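Asks: Just so you know, the sequences run in chain order A and B.
Just so we're aligned: 81 in numbering that gives the first Met the number 0 is position 82 of the first sequence, and the numbers increase by one with no gaps anywhere.
Just so we're aligned: 359 in numbering that gives the first Met the number 0 is position 360 of the second sequence, and the numbers increase by one with no gaps anywhere.
Be a bit skeptical, because a hint or two may be false.
[Stated by the list, open to error] Each computed SDA-like pair below joins lysine to any residue, with the alpha-carbon atoms no more than 25 Å apart:
1) A:K130 x B:F83
2) A:K130 x B:D75
3) A:K130 x B:S82
4) A:K130 x B:I68
5) A:K138 x B:S69
6) A:K102 x B:Y27
7) A:K130 x B:S69
8) B:K303 x B:Q318
9) A:K72 x A:H35
10) A:K138 x B:K346
11) A:K138 x B:Q32
12) A:K130 x B:S81
13) A:K113 x A:E148
14) A:K130 x B:K344
15) A:K130 x B:V29
16) A:K130 x B:F313
17) B:K346 x B:F300
18) B:K281 x B:K344
19) A:K130 x B:Y79
[What the hints assert, rightly or not] So the derived label-pair ranges between C-beta atoms look like this:
20) B:G257 x A:N45: 32 to 40 Å
21) B:N106 x A:N45: 52 to 60 Å
22) A:Y53 x B:E28: 18 to 26 Å
These aren't lab readings, by the way, just hints derived from the structure by calculation.
Treat the numbers as computed from the prediction; the structure is a model and nothing was measured.
We treat Cβ as the ideally placed atom computed from N, Cα and C, and that holds for glycine.
Each chain, letter by letter, is given below.
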Amino acid sequence: MSNSQKIVGAFLLISFGFLQACNKSFVVKNVNYAQHIESVLTPDSNGVVEDVRYGLSYSILPFQFEEFQDSSKVMISEVRMMRNSDGFYFITADRFKNVYVMKPQKGELKLEKKILVSESGLASPVFNWRKPVVQLIDKVSAETYLLNEKGIYIIKEEQS
Amino acid sequence: MKKFVKNVAILIFVLVPFGLISAQESDYEVKSQFSEQYAEIEKSLKSVSSTIHIDSLRGLIFNLESDNISHQDLLDNALYPSSFQSKMALLKDLANSVEQKVLIIENQNDRLFKLSTEMTYYKSEIDLLTVRTDSLKRAIANSQDSEERLSRLVKNYRSSLEQRDELILNVIDSLLISYEGMVGNISQENLSEASGTVSTDGNPLAFVETIIDENTEWAKTNTNTLSVEDHLRMYAVQNHFANTWELVGDKMLQVYGGNNPNEWKAEIDSGLKDWRMATSQKMWKSMDQYLEFSSVDLDAFDNKSSFFNALDNFIASAQEKSKTGVLTSKNYEEYKEFEKFWSAKVKNEWSNLIQDAEILTVSQISSIDQKLDTWEVESRPIHPLLIVFIVITITALAGFIFVMFKSKVTT
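With the rest of the complex left out, here is chain B:
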């Protein structure tokens, strides 16, 4: 009887609390099934590529949790030193972080598609303008027509070239900066992951390289019909492009460089160097020719610092001449020529381009301004009327003294 009571007590004690678990169910299987499902979801999360897929996995995570919440004590023991709740929290955290990555990648792919469309548009526009400018260049070269027609052709050619350069600047702003914004959203940690996922159709690096090559070719072959302003603009475009590349290049290489980012980098850097050299030579040469034509005889220059030094030395030596030499209108004429070049061209017509191309800094410009003011004061010749006035004054004063002296003697 005692044994029977004990058996019944055990039955009640054992079976009632575990009523939720089927008698046929093995705790080990519960744990194994949980671990298998967990591993399956974890694996799926790591290879997920769309937010829709993430949503369905979130449903599986929810089911896994709700199906096993009744076995929490068992799983806490089985999963020691981890626990059911901490394992579920890890899975949810993983889902959140994967979702963020996928969102970035999806967003990138969307933007990449839009940018690729934009890139195609720009490419066709540039090609169109190139064809037009080429034909104008040929027309100018072969022109036997009147001066008026030639002048019109040159004007059209320059206008076409200007449009092309503006288009290149637009490409830089809308494409490179957009790409920068796009890859800039990704942390360094996720960059390598993204690089494997982002589609490389219409690789922007190839487009960047094409722009550089085409413009280098342009800079090398353009005719003498271009003005200093045109060359300055081309130099500014190159400068802007190089600065932007410096800003976004490394990240673009990481995302779009595929297996050989270093090769891409070397090619693009070398292309930029060639482009820089071609535009730089042409621009400084045209500037030198212009100054020569304007009778401003600067020392030789072929880069930014030598250009500033030439300007600075020119003013310094002119000032020196003004101080030591006799005040003549020639010195002042020299000042006026230079001032005309400085104010009308550098500080007015070319101002934006000079700033964009970073040819002179603001402090260099203000330094030249100050020296120019001093030179103006020192070189300004005395007005002839002033000399007449001084002579009259001295004569009058001498006459007055003489009269005073004479009247004193007579008295």
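Pulled out of the complex, with its shape left as it was, chain A reads as follows:
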């Protein structure tokens, strides 16, 4: 290796180190986004739901289309939403077969996971926060699911 090659190599190494130092952003770790109680939201005539307490609003129609292939009119009376500690939103509603795990992005919610929970559709779903997972209960079928952003952890059939 010639001297000039060594100088270029050292220069590149210093530059890379310098760039690395410049790119290092300010980060706070171990943030807990978990909601302790689910949000029960009623869509307006345009299908928009607004969670006043947590400051979030979005249209439910894309979810409705995913479930029923119809977004011509609002067919959902109540939307159930829960956020887990990693910041993922769990969204479902009556007659939905799936729970949608959505990741918040800049100005959008991006699907992280579509969790199939009931082939016949949930009759009356509710969410509870049971750290570190989200509990989904179908009040009618009495089925309980423990969910995280990757899918179903446990399905438990209620005896009572």
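Use these hints to put chain B onto chain A, whose structure you have.
Replies: Chain B only, in chain A's frame:
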């Protein structure tokens, strides 16, 4: 294997601490049920009307707290920025304050019932005495009988009138003062609330108005058979009534005035003014007649201040006469006449009535007393024996000087 262990750990971690909450139970529903029950109790508390009802609501509050104490953490989160304990404390405070209001209202209604009974009694008593006094008045007017019988009728009439006035004073003391005590327990804040709740059966304002109207009529129509004392008493009754009304009127109007307290106020104030005018005219006229009859010639008077000024001027001018004029028994006779009126009547017979009617203040009476003492000294004529004694003394002294002088000359 690792995944299985993790799942079991989550199961234990998740389900055991929340064992108290049924797996089928939604946290949101727990919060919603709590809020609904809370709102229901709160609403019931605001419309509660009896202490028995409050007791049952206290039971519901106790149940609400004990049923939800296990969900305290959940509710603290759900009710943020409030908390479970602070919400329960607010509800208990509300129950306490409502209970106090209800107790006052219940107490008021009890007392109002008693007072209404009392009012009915007084009303019938007053009516009875009015009928009796009316018949006596008619008997006096139509009497062709002997002087002795007429005198007896007048005596009965005056006695009946006196009883009636005493009854009116009793009404004032036992009814108006009681009402004052009753409404006086309520704070200004709760007064408007109480006004909607207190029963207005047998409205005391109507009774007050009736008393005023009847007495005004009495004062206007009574005959000349009444003495100064009778008129003074009627004036004192009116004065006492007006003072008491001034004290309790506003609160009574707020509680019993319904939708038109201003109308009630205007009517009662106007009635009191008429009553005052009628009793005042009669009383001052009778006082003037009495003084004229007693040969005490005061300046004209028709109210408290002109009466005091007339008394004051009378003494001042009499004193002036005593100072400048020759000492005669006439001036002293004038003093004695006035002193008789002042001591026997004003300060003795009429003393209580004069004070009740606030015709003369204590300082005015003592001022007249002082001036009267001075007038007495200045007007007292010299006793004839004193003049004889002085003449004898001067004669004796002159004789003694003369004898001394003569004996000096001879020696």
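Asks: Would you pick out the hints that fail for this structure and give their numbers low to high?
Replies: Violated hints: 9, 10, 14, 16 and 20; rest satisfied.
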